[in-house]
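Protein chains: 2
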Amino acid sequence: MATRETQKLILDTAIELFNEHGTKAISTNRIADDCGLSRGNLHYHFRSKEEIIQTIFQRIDMEMNESWYEDHSTHTLAHANYMFERQMDLCWRFRFFYRELIALLQNDARLKILFLDSRHKRVREVKDYIVGLIENDLMVHPRLPITLDSLLLSSWLVTDQWLPHLDMYDISASDENAISEGAVLILNIFRPFFTEKALAELEEMDTASN
Amino acid sequence: MATRETQKLILDTAIELFNEHGTKAISTNRIADDCGLSRGNLHYHFRSKEEIIQTIFQRIDMEMNESWYEDHSTHTLAHANYMFERQMDLCWRFRFFYRELIALLQNDARLKILFLDSRHKRVREVKDYIVGLIENDLMVHPRLPITLDSLLLSSWLVTDQWLPHLDMYDISASDENAISEGAVLILNIFRPFFTEKALAELEEMDTASN
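Quick mapping for you: the protein sequence lines, in order, are chains X and L. Start counting the first sequence at -8; every next residue gets the next number (the numbering used here). Start counting the second sequence at -8; every next residue gets the next number (the numbering used here).
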């Protein structure tokens, strides 16, 4: 196999094992075995489990960047809703990462830097997106003491916590409703600031999907 | 020492050590050593680390129940704000528990039952409290698709996630502002539904505290 294919196989296998069993229970040897690779071969590509997790996070980050490229000029509520659902879906596909987020960042200074860089960038981008909704008369600017930043912060906290919340109640997020319920929860944080024009657009969306 | 005093010493010491180092790094032997007790004496009171953590959670739950007894008839926004701050303060004092919440519940079925029982009760109580605010003309009932349940769920998710969020940015929640900022974030989730009467009450609060 070419280097690129081998690395993809290792990462795909690691994601599957981590999602199923958590990162603590899975050694690099187990990943090599499941890939049908020698342990030496795996270590040639990735020196440690930390490096595998960092590379997986870079994949998450790249996926977010690629989608943002399509997003940043599409200021409709249908698209906002799609963005929230897409983010929840990403959290589900890489669920080990979001489940163990705090512990992973505490244990790996480099991962923490990668994550915070990415998060700062995303927070700015989503803020720009919301400002775009305001400029397109779909949302009004909240009045103090509510700020755009406080709405955005709440929406990130709810997004990060949604999967652990489902876990707690033994609800599987493979259930499609679970993802869309999370997205509705996020949309509802912004909803009090939607204009009549926006609400009419949303009603049309609901009618179309029924 | 009387049994009760010894148990209190063990729990207080365990909370301090868990908050500082996490539950994984602290053995029951370490707790015994820090208490100046023999290991056998500690095991006479608590058979395992799990039992210590369960007993600490029962203390958390009892504290929440006691405060609720004062709350349930005080329907003012000043009191609502105080309740949110008090909950954040409790999350800070028992921060190991909220930091490790998902992992702790995954590893201990009995703790999970204790926690979910307590959470269900609290969710109902806070919902009753919010209904009281509506009945006292301080808040309007949200209109579909926003529901009281969705507001309450968002507020719990933000509350649970606030400390891990501070951790991530290396902000200490011992900083008093950090707690009150968290409480403002929670209050802001409900704020779009506050009445003019409520907003006037809040303005008075702000003037009084400046």
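Be a bit skeptical, because a hint or two may be false.
To be verified - List of simulated lysine to any residue pairs, SDA-like, C-alpha gap at most 25 Å:
#	chain 1	residue 1	chain 2	residue 2
1	L	LYS103	X	LEU95
2	L	LYS118	X	LYS15
3	L	LYS15	X	LEU95
4	X	LYS15	X	ASP151
5	L	LYS112	L	TYR73
6	L	LYS118	L	TRP59
7	X	LYS15	L	ASP151
8	X	LYS15	L	ASP52
9	X	LYS15	X	PHE37
10	X	LYS188	X	GLY123
11	X	LYS15	X	LEU135
12	X	LYS40	X	LEU135
13	L	LYS40	X	TYR160
14	X	LYS188	X	ILE93
15	L	LYS188	X	LYS103
16	X	LYS103	L	SER163
17	L	LYS188	X	GLY13
18	L	LYS112	L	GLU126
19	L	LYS188	X	GLY123
20	X	LYS112	X	HIS66
21	L	LYS15	X	ARG50
22	X	LYS103	X	ALA69
23	L	LYS15	X	ILE51
24	X	LYS103	L	ALA169
25	L	LYS40	X	LYS40
Calculated from the structure, these hints are not laboratory results. These numbers were taken from a predicted model, which means no experiment stands behind them.
For this structure, which hints from the list above don't hold up?
-> 2, 8, 11, 12, 14, 15, 17, 19, 21, 22, 23, 25
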